[in-house]
Amino acid sequence: MDFIQILDIIGTIAFAISGALAALSKKLDAFGVIIIAFVTAAGGGTLRDILLGVSPVSWMTNMNLVYTILICVIVTFIFSKRLLKLRKTLFLFDSVGIGIYTVVGLEMGLIAGLHPIICVTLGCISACFGGVIRDILVNEIPVIFRKNIYATACIAGGSVYFILLRFNVPENIIFIASGVSVIMIRILAVHFKWQLPRPYLEEDDEKTQF
Amino acid sequence: MDFIQILDIIGTIAFAISGALAALSKKLDAFGVIIIAFVTAAGGGTLRDILLGVSPVSWMTNMNLVYTILICVIVTFIFSKRLLKLRKTLFLFDSVGIGIYTVVGLEMGLIAGLHPIICVTLGCISACFGGVIRDILVNEIPVIFRKNIYATACIAGGSVYFILLRFNVPENIIFIASGVSVIMIRILAVHFKWQLPRPYLEEDDEKTQF
Amino acid sequence: MDFIQILDIIGTIAFAISGALAALSKKLDAFGVIIIAFVTAAGGGTLRDILLGVSPVSWMTNMNLVYTILICVIVTFIFSKRLLKLRKTLFLFDSVGIGIYTVVGLEMGLIAGLHPIICVTLGCISACFGGVIRDILVNEIPVIFRKNIYATACIAGGSVYFILLRFNVPENIIFIASGVSVIMIRILAVHFKWQLPRPYLEEDDEKTQF
Numbered sequence: 000m001d002f003i004q005i006l007d008i009i010g011t012i013a014f015a016i017s018g019a020l021a022a023l024s025k026k027l028d029a030f031g032v033i034i035i036a037f038v039t040a041a042g043g044g045t046l047r048d049i050l051l052g053v054s055p056v057s058w059m060t061n062m063n064l065v066y067t068i069l070i071c072v073i074v075t076f077i078f079s080k081r082l083l084k085l086r087k088t089l090f091l092f093d094s095v096g097i098g099i100y101t102v103v104g105l106e107m108g109l110i111a112g113l114h115p116i117i118c119v120t121l122g123c124i125s126a127c128f129g130g131v132i133r134d135i136l137v138n139e140i141p142v143i144f145r146k147n148i149y150a151t152a153c154i155a156g157g158s159v160y161f162i163l164l165r166f167n168v169p170e171n172i173i174f175i176a177s178g179v180s181v182i183m184i185r186i187l188a189v190h191f192k193w194q195l196p197r198p199y200l201e202e203d204d205e206k207t208q209f
Numbered sequence: 000m001d002f003i004q005i006l007d008i009i010g011t012i013a014f015a016i017s018g019a020l021a022a023l024s025k026k027l028d029a030f031g032v033i034i035i036a037f038v039t040a041a042g043g044g045t046l047r048d049i050l051l052g053v054s055p056v057s058w059m060t061n062m063n064l065v066y067t068i069l070i071c072v073i074v075t076f077i078f079s080k081r082l083l084k085l086r087k088t089l090f091l092f093d094s095v096g097i098g099i100y101t102v103v104g105l106e107m108g109l110i111a112g113l114h115p116i117i118c119v120t121l122g123c124i125s126a127c128f129g130g131v132i133r134d135i136l137v138n139e140i141p142v143i144f145r146k147n148i149y150a151t152a153c154i155a156g157g158s159v160y161f162i163l164l165r166f167n168v169p170e171n172i173i174f175i176a177s178g179v180s181v182i183m184i185r186i187l188a189v190h191f192k193w194q195l196p197r198p199y200l201e202e203d204d205e206k207t208q209f
Numbered sequence: 000m001d002f003i004q005i006l007d008i009i010g011t012i013a014f015a016i017s018g019a020l021a022a023l024s025k026k027l028d029a030f031g032v033i034i035i036a037f038v039t040a041a042g043g044g045t046l047r048d049i050l051l052g053v054s055p056v057s058w059m060t061n062m063n064l065v066y067t068i069l070i071c072v073i074v075t076f077i078f079s080k081r082l083l084k085l086r087k088t089l090f091l092f093d094s095v096g097i098g099i100y101t102v103v104g105l106e107m108g109l110i111a112g113l114h115p116i117i118c119v120t121l122g123c124i125s126a127c128f129g130g131v132i133r134d135i136l137v138n139e140i141p142v143i144f145r146k147n148i149y150a151t152a153c154i155a156g157g158s159v160y161f162i163l164l165r166f167n168v169p170e171n172i173i174f175i176a177s178g179v180s181v182i183m184i185r186i187l188a189v190h191f192k193w194q195l196p197r198p199y200l201e202e203d204d205e206k207t208q209f
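Protein chains in written order, with numbering that gives the first Met the number 0: chain B, 0 to 209; chain W, 0 to 209; chain L, 0 to 209.
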């Protein structure tokens, strides 16, 4: 098992635990918790594969991912209270997951010969969409639309990838530099409470329906 | 038309009526009712096909399914009050549908050469996902996350399939035994109000957001 | 750039602006607005492509669409107040978009050799589904289920397509006549407040859950 695979499993663990905790806080039953954990961890990659036409989608042929998620759910059940206290550690895990998923998604787009903007979008979808489905399933406006730095970090890190690519930096270094950028921007953004502009309408009771 | 096809149509009928009734109880208009009925009946199979890379997805080339759903919607419009009184019959239909959809999805996974756990998951998705999309569209937390025996029955029945497969039981008998297991577990679970463990956090106002 | 492509871009512009305005009225941040605009404009076509097995889905290889949406979001940010006053113009744009998307989706179904009913459904999905995902993401019951003429116009216009096809009308004329039917029905329906029958249950507190 190489370095990237280890990081990949760390990312999956973080996402699965984050999903399981969200489901527990909504008081879902055991099965609901498993589904939400699974969707949070595998949802982004699934949408990426569907959009690219990769079939069967990757979790179907990757039992490591499936076992990892199941173990995470069991651990979360047992240690749910303690895990909530480890929130900073989990946040770190989650950021690592986002960093890795972004670069993996982006590289799959490159392999398919897509435009850099589309590749960055794919990376962003891989990293963020699991959380979006999780929020839809538990009936909330996805957190990504309210705490934007999540996706902005992916976009910034993805841009780093293409800038370095232009300067002929070796591929492994690009991968790490780009992933680390995502992780650092995310951590700094949360630490310093960075926010994107949020231009709102004053008369927001005027609904816009077509 | 063979036995399985007849069962398949019974399942579709039950799902379509269940969807139409849910839409009516949300006071949607005629078109909304048709969509919700369609999604409830065809949604699980559609996701299964997308995940497996079967295209075009099966309802697109299966007009029987489409006509069955349209007829069900019309019948539901006309007899909506009487149908609500037949709830037990509908519940039975619905259980039969779940049983059949589970085994069909599972077998499609087997044909694609997937791992047994993935096959059972596919069966479960085929049987349950239509209801999940229905609930998302009418803006509720999917019932599957609140009344778990739904999916647990699919998993148990799917496991029966692989246990019998190991003992070289003939395929037709496996199909029926596995489907009947799903149906029986579901019916018993609802009758005796079985529930999965529901481990919840006491301080659930502490949100877990990443 | 030919006539159809110009119409296609007009449709995309209208959908992107309609999505961006919906996101602004929900007070999402800049990134959330971009996603919602993108999903509203590209979501219907994406689902159409996934269902048909077209991969990668079309927006991934169509940078015009991507640039158009980004420009629309920027314009919406700057002129959001003025745009809300142009609501009638936007409604017209939106109707044009629906008309075009319906016929394009329908023709893709025809090329795939599907049954007319399925083709009309595909056209309807292409035109309406972007709005459905938009509404799910901002956590509302999709407007399509409450203001049905949206989809009914697509179905009626799609039917015009197949009636004209039977009379051997030239393809270009069929395209335009069918698209214009969708647009006219939509505009007339909104102007005269047409509504589909809305048969509701009196005792709607009796939930129907399976």
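What the hints contain is simulated information worked out from the structure, not anything from laboratory work. Values in this document were obtained by computation on a predicted structure and should not be read as measured data. Possibly wrong hints are sitting among the right ones.
What the hints assert, rightly or not - Listing some non-contacts, in silico: residues in chain L with all C-beta distances to chain B over 12 Å: (1) Lys-25; (2) Asp-28; (3) Phe-30; (4) Ile-34; (5) Ser-54; (6) Pro-55; (7) His-114; (8) Ser-158; (9) Pro-169; (10) Trp-193.
Said to hold, decoys possible - Each computed DSS-like pair below joins lysine-lysine, with the alpha-carbon atoms no more than 25 Å apart: (11) L:Lys-192 with L:Lys-87; (12) L:Lys-192 with B:Lys-192; (13) B:Lys-25 with W:Lys-84; (14) B:Lys-25 with B:Lys-84; (15) W:Lys-25 with W:Lys-87; (16) L:Lys-87 with L:Lys-26; (17) B:Lys-87 with B:Lys-25; (18) W:Lys-192 with W:Lys-84; (19) W:Lys-26 with W:Lys-80; (20) W:Lys-84 with W:Lys-26; (21) B:Lys-80 with B:Lys-26; (22) L:Lys-84 with W:Lys-25; (23) W:Lys-192 with B:Lys-26; (24) B:Lys-84 with B:Lys-26; (25) L:Lys-26 with W:Lys-26; (26) W:Lys-192 with B:Lys-25.
Idealized CB from N, CA, C, for every residue including glycine.
Are there hints from earlier that the structure breaks, and if so, what are their numbers? Going through the list in order, the structure violates hints 1, 2, 3, 4, 5, 6, 12, 13, 22, 25 and respects the others.
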